[in-house]
Amino acid sequence: MATVAIKEVTKEYVLDKTKVQALRGVSLQVEEGEFVTIAGSSGSGKSTLLNLIGCLDHPTSGQIFIGDTQVHTMTEKQLDSLRLNTIGFIFQSFNLIPVLNVYENIELPLLAMKGVSAEERRSRVNYFMEAVGLKALAKHKPSELSGGQRQRVAIARALATKPKLVLADEPTANLDSKTGIEIIELMHEISRREKTTFIFSTHDPKVMQRADRIFYLQDGVINKEEKR
Amino acid sequence: MKLFNLSFKNVLENPKRSMTLGFFIFLVSLLMVLSNSFFATVKNNLENALIDSFTGHYMVRASEGELFRTDVRWWESSYVQADQAAQVKQIIEQKLGATEVTARVRHNAMFSVGVQKQPSMIIGLDSSAKTYTKSFELVEGRHLTPGNPDELLLSEFQAKKLEVKVGDIIGVESVTKDGDPIEREMKVVGIGNMNYISNFRFPVAFMDLKSAQALVGLTNGEVSDLTVYLDDKSQAESAAQSLQAEMTAAGMSGTGLTITPFGKLGGFLMSTVSLYMSMFNGFIGLLMVIVAILIVNLLFMIGLERRQEIGTLRAIGISRMQNILIFMTEIYIICYVAALAGIALGGIIVKILSNFGLKAAAPLDYLLGREFFIQFDWMQLGSVMGVVMTLVFIASFWPCYRIASLKPVDTLKEI
Ligand SMILES: Nc1ncnc2c1ncn2[C@@H]1O[C@H](COP(=O)(O)OP(=O)(O)O)[C@@H](O)[C@H]1O
Ligand SMILES: [Mg+2]
Chain U
1 MATVAIKEVT KEYVLDKTKV QALRGVSLQV EEGEFVTIAG SSGSGKSTLL
51 NLIGCLDHPT SGQIFIGDTQ VHTMTEKQLD SLRLNTIGFI FQSFNLIPVL
101 NVYENIELPL LAMKGVSAEE RRSRVNYFME AVGLKALAKH KPSELSGGQR
151 QRVAIARALA TKPKLVLADE PTANLDSKTG IEIIELMHEI SRREKTTFIF
201 STHDPKVMQR ADRIFYLQDG VINKEEKR
Chain Y
1 MKLFNLSFKN VLENPKRSMT LGFFIFLVSL LMVLSNSFFA TVKNNLENAL
51 IDSFTGHYMV RASEGELFRT DVRWWESSYV QADQAAQVKQ IIEQKLGATE
101 VTARVRHNAM FSVGVQKQPS MIIGLDSSAK TYTKSFELVE GRHLTPGNPD
151 ELLLSEFQAK KLEVKVGDII GVESVTKDGD PIEREMKVVG IGNMNYISNF
201 RFPVAFMDLK SAQALVGLTN GEVSDLTVYL DDKSQAESAA QSLQAEMTAA
251 GMSGTGLTIT PFGKLGGFLM STVSLYMSMF NGFIGLLMVI VAILIVNLLF
301 MIGLERRQEI GTLRAIGISR MQNILIFMTE IYIICYVAAL AGIALGGIIV
351 KILSNFGLKA AAPLDYLLGR EFFIQFDWMQ LGSVMGVVMT LVFIASFWPC
401 YRIASLKPVD TLKEI
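Protein sequences, first through last, are from chains U and Y. Under my numbering, the first residue of the first sequence is numbered 1, with each subsequent residue one higher. Under my numbering, the first residue of the second sequence is numbered 1, with each subsequent residue one higher.
It is possible that part of the hints are untrue.
[Said to hold, decoys possible] To list a few chain Y residues with every Cβ distance to chain U over 12 Å, as calculated: (1) 23; (2) 193; (3) 235; (4) 250; (5) 348; (6) 373; (7) 380; (8) 385; (9) 386.
[As the list claims (entries may be wrong)] In silico BS3-like links for lysine-lysine, alpha-carbon gap of 25 Å or less: (10) Y:233 x Y:134; (11) U:135 x Y:2; (12) Y:9 x U:139; (13) U:162 x U:77; (14) U:19 x Y:413; (15) Y:130 x Y:264; (16) Y:9 x U:141; (17) U:114 x Y:407.
[What the hints assert, rightly or not] Computed from the model, here is a short list of chain U residues facing chain Y with C-beta under 8 Å: (18) 84; (19) 89; (20) 91; (21) 99; (22) 100; (23) 111.
What the hints contain is simulated information worked out from the structure, not anything from laboratory work. Ideal placement from N, C-alpha and C gives every residue a C-beta, glycine not left out.
Isolated chain Y, as found in the complex (with noise of 0.2 Å):
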């Protein structure tokens, strides 16, 4: 292990360069830590959102396919019929457990207010939703009370629209099922906005089931889907796979009925974030690249500039194994020293700013809602050390296996 020590002199003995690497790899294992702690948070705090809001921990419904799209079209294609409903809601209660099972209907309407019109998502909620209030943050009025018809939630920004307070009566018009026209005169009863999503403009309103019922001319009680709400996320797809167990089980595998964990549901909401979070971890690869041009270059100057040291090394009996550790090593002790000290810094910037809540401003509240809380975690920490030294090892092992297999002959030549 002594013989590491040359390693060490001979980082030490050209300060500057090896700050310069260190400098890069500092910047990457700083800016990884910051980026990774920032998405994870955003990731997390959206897809807690949209559980709580729209898709709950798992979903069971009559028709496949995305549930949020750009078209912001969400009506189904095929309903689950009452009956099965309440077989399913009665599975789950009885041997899974939840902690709320809602039954919703979704729909698409337009809201008018005298000549003002806004189209809107609009979801049907039974009187046993509860979860939906934790997302949806009232700036005026109340959430809704259960079982009460004709009572609307609105988001702000549709309110704002539509130029309506709490207690004013809005025309709601939407298309049936079969093709036919209705309108109801419905009581705006709270003013809010919905944790995160609200800032993707994602026009949704909430009612109570019934009404959302008769919007869609669902006679006889069928519903969209259920969603089901468990206590921990991380179990929401074998509780999906287990409720599958049992419907199966109970002979309702014919009913064409689909369970769907919030994991597949979150559409272009979540494609949004994994957007963001390539684009920047896009702009870390780049600076990986560079600092993996940054090791190769240093190592094509060492070989140049230590020729001879090389080939002495290799005449003494040092083997080419030892050579190649004692060039890596050298690269090593910059890199470990600068990716420590990176992810230090950015640990404790974390681990500060954890402590606050964060106030985005234009464009990041689009993503991270006004207040956010950045989340600190270990493993998180240790992982980017380990792709670091990862991409350490890729760019510096052939280099050195070059140096170290200079033939010495070539090397110890006299002019």
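Isolated chain U (complex conformation) (with noise of 0.2 Å):
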């Protein structure tokens, strides 16, 4: 099965009179572990389409499926608690929590999750922080920290959770493109090592490169598909 599916999906914005319609009828399919981009210009409706896969918004047509689950059917705890479970978020300015350290930043969702014991917690903090090689830096505010070990720590709190979908909206935009290239490079590793699916968006041709399928978004359609 599909880790996500979508079908015919249109989202218009209503601004005062004027409508925007930023998505005209997307469908696409994302199987389980894949490491897949959406890739197109600014304006073309990434970060739309991303937050109606996370849940963040609803479409104004179409379906939504993650796993076996129709999305636009739950209520708002629900999704809450899909958000909590199965998708993890990576923001392209990293949303990191300022009063709180490195370790404290990962360990935030655990924290509102059930049934995860302090044991568990710190085991899964102290591995993804091993993971994302930050180990050392477990103290450390994120103001005190560059653009790319932030990134990181983003990456290590979306996997905290063991999610089935890792959600990242141009998660390279704020990074310089070595930078860049080597944190797309760890999300890949960690795909293909967690079994994870991550759907990453950007504008950037040198990184969508390193995806395994790119979908081409343009002014609100997928205009091509290309597997690598």
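Combine the two chains into a complex, taking the hints into account.
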């Protein structure tokens, strides 16, 4: 079964009296453990699409499945739980909690989860800190880290809950290109090792080449799909 | 629970802001403890003084209505007949028990010494009266000798106005219940002050029952009231009810006698305390409004400053309710610590003061008497904490709800 399946999804934003058609019928399917990218220029609808997949917003029409659950029929509570347990998020500007140190940032979603023991929490945080190479910086605040290091913390935080799916909206946009490639490589490696499905968006051709599959998005439609 | 580590870190992150809110909570808590202790003391002391000198724990009268009026007129429109008074006294003493049952006559009179004249209320006490001596502090002379006619106990300020000393004879003029003028000569045997009540310049003088009956023209032994004293103030209401039941059982329901516990007899004296109390409570209420505005404002700023953080928390799966709790905890940590500090300081101040008699200066001596002991009460500290925590809840829930309800997509938008 596909991890993510999207069928004829449209999204329309209403701004005052004008309507913006951000997505005009997008269908795609991402299989378990795949490492795929949504590629497109600014304004093509990448963030809109990822927000819909991440259950942060509702589509105007069409269907979205995460695993075998159809998400647009779910209540707010169910969506909270789905995001917590099934989906990990990585953001363009890292979005770490400034008052918490590296360890605490990674631990945060685990604290909201039910049935994770203190023991289990500690071992997972340590495991993922190791995986992103930040063990030595556990006690540091985000403000003391470089952009690349911050995004590594965000990756560890997204993976700590062992999600089936990780969504990353332009994770390299705020990084220099060398660091950006490193981050994508790290994500890819973890995706393979943990068998986690990754969907990230980018407008950077060098970055998109690292994905298993590329969906080219333009003006709210996918006009090309490339398997590598 | 470790989730609230975040709240704690945020409190420490912005110490200035936390301190500002904390300071006001501290102030409110401190003032509440001090003023509550103070007014509870004043109220209790005044109540005790009123009970000892005027109202007893409950009173049996032939009419209803206020006892203390600002026009200081307190004769009754009807009197308790001698046989009724005897019967009630017997019921109380045989069936209910009381530390003292005193028959009294209350009236208005005019004291005169030469050209000096001074209106006064007078209380005639039967020979069983003892409790009044507790609140009537002698400056000079002695209390009444039970059963001795034409003896007079004067308040110090009345004695000053009339320029009399113990041993002097003064004229006491009054109008009987039938409208006839009458005058007696009486001897001042004691001059003193009634705890608390003298400060209200409430002109009252004590004499024996028979003399007072003569001044009212009560030739058949009628009295104004029976004043009943108990061991325990808290028993007043129930004792009054028991007497009512016993009197009904004894077939006295048609006599028109009313039984009133002291709580309903304080009149304007007690309302003076209530007035001061509500003025102070109004001030504290104003402070509480300021605190509430501060809390709402603080949360509003948090909502603006941490927009992205709030959206991130929601996106990674922290529920709306958990978010509300995180922000409320942040406010509660500040407020709880500050309230605890304020209550502790207030409690310590009250505890220390409760060991010393305080000398009250004008205009406070009016309410307090010249020396008073403030009362320390653990329950009271707890109730202040309860009030402050409730205030914090009321002020913070809605803003926290609003913050936590921000839509993640809106807060996460990249520019
Ligand atoms: N909340 C919104 N309200 C109105 N229009 C929006 C909103 N979000 C995005 N859009 C519009 O939808 C289109 C797609 O935006 P977006 O998904 O952010 O693209 P991308 O992430 O690829 O830059 C753009 O034209 C953008 O202006
Ligand atoms: Mg975007």
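Here is what the structure says about each hint:
no., hint, result
1, 23, "holds, 22 Å"
2, 193, "holds, 63 Å"
3, 235, "holds, 55 Å"
4, 250, "holds, 69 Å"
5, 348, "holds, 34 Å"
6, 373, "holds, 49 Å"
7, 380, "holds, 37 Å"
8, 385, "holds, 28 Å"
9, 386, "holds, 30 Å"
10, Y:233 x Y:134, "holds, 15 Å"
11, U:135 x Y:2, "holds, 21 Å"
12, Y:9 x U:139, "holds, 14 Å"
13, U:162 x U:77, "holds, 20 Å"
14, U:19 x Y:413, "holds, 18 Å"
15, Y:130 x Y:264, "holds, 23 Å"
16, Y:9 x U:141, "holds, 12 Å"
17, U:114 x Y:407, "holds, 24 Å"
18, 84, "holds, 2 Å"
19, 89, "holds, 5 Å"
20, 91, "holds, 7 Å"
21, 99, "holds, 4 Å"
22, 100, "holds, 6 Å"
23, 111, "holds, 4 Å"
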